[in-house]
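Chemist: Sequence:
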Amino acid sequence: MKTKLLALSTTISAAILATQMAWAAPEQMDMTAVQQDKFNQMVKDTLVNNPEILKQAIIALQAHEQNKVKALQEQSLGDNHAALFNNKMDPWMGAENPELTIAYFTDFNCPYCKKIEPLLDRLVEEYPEVRVVYKLVPILGPSSKEATDLALTVWENEPEKFADLHKMLMSRPSRLDSGAIAKVGKITGTDEWLDNTAASAETTIESSMTLMREFGLSGTPGLIFGDQIIGGLVPYSQLEKQVKAALAAKRKQ
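Letter by letter, the sequence shown follows residues -24 to -1, 1 to 229 of mature numbering (1 follows the signal peptide of the UniProt record, and there is no 0).
Everything labelled a hint here was simulated from the structure, so no lab data went into it.
Model, not experiment: these values are computed from the prediction.
We put the beta carbon where it would ideally sit given N, CA and C, even for glycine.
Watch out, some of these pointers could steer you wrong.
Think about it this way: if two alpha-carbon atoms lie no more than 25 Å apart in a straight line, the pair counts; the simulated DMTMM-like pairs of lysine to aspartate or glutamate are [unchecked claim]:
1. K143 - E93
2. K226 - D97
3. K226 - D203
4. K14 - E28
5. K64 - E101
6. K137 - E105
7. K90 - D140
8. K159 - D171
9. K159 - D66
10. K91 - D66
11. K64 - E134
12. K220 - E75
13. K143 - E182
14. K31 - D55
15. K143 - E168
16. K228 - E72
17. K162 - E136
18. K159 - D140
Using C-beta positions, here's what the derived DEER-type ranges look like [claimed, not checked]:
19. K217 - G165: 33 to 43 Å
20. K64 - K91: 51 to 61 Å
21. P135 - A221: 28 to 38 Å
22. I205 - E105: 19 to 29 Å
23. Q229 - Q32: 42 to 52 Å
Start from the sequences and build out the full structure, keeping to the hints where you can.
Modeler: Laid out in structure tokens, this is it:
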């Protein structure tokens, strides 16, 4: 092991020196050309004779980059904790005083969101200590924005009607249109808010969109909880496993 580390150190040192020589002034290049050739040959011979060194270096670099990404992610989660989980303008379901909160990025026109929602319903039923916060991001067209404006306005003014409105908007198998949204509004008794959008809706949407970009979520659904960032549809078994791990980690703190 020591031999491999020494060889890797020698290779790196040679590469650094070769780079420095490559950037040297022209008058220095004439003086060190032979030396540079020797070092270049040494680097080549070392890698040819010990190819596992390069593999180890690549593995070490990948681990280093992954650790950097994880550190940045943890910092971002800390910096954005309140915006993710405690924005009073975001609708939510589940625990009144949660042990674990899941930020759920969703669009009313997203077919994968329609599939994950029953899993989230099941999750808060089986784990009453969990809350799901809806981060409504209308990224799939004007009707998504229209439905989101209505949902956020209802949440602000008549929160007791939000669950039924949300469920009916999500239950439509095809894309929403203005007619379908108006029909849902009438059925749920929320049609007075169709053309009376709350002033806070735009700010809430912008906040959720900013968070979505911050955490690299390119589409919906997206889930953030504990130290987990999950993009896309996942099976219930995976979701439950990660929620259990996050709860266990919380309880150890």
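Chemist: Output the indices of the hints that this structure fails to meet, ascending.
Modeler: 14, 20 and 23
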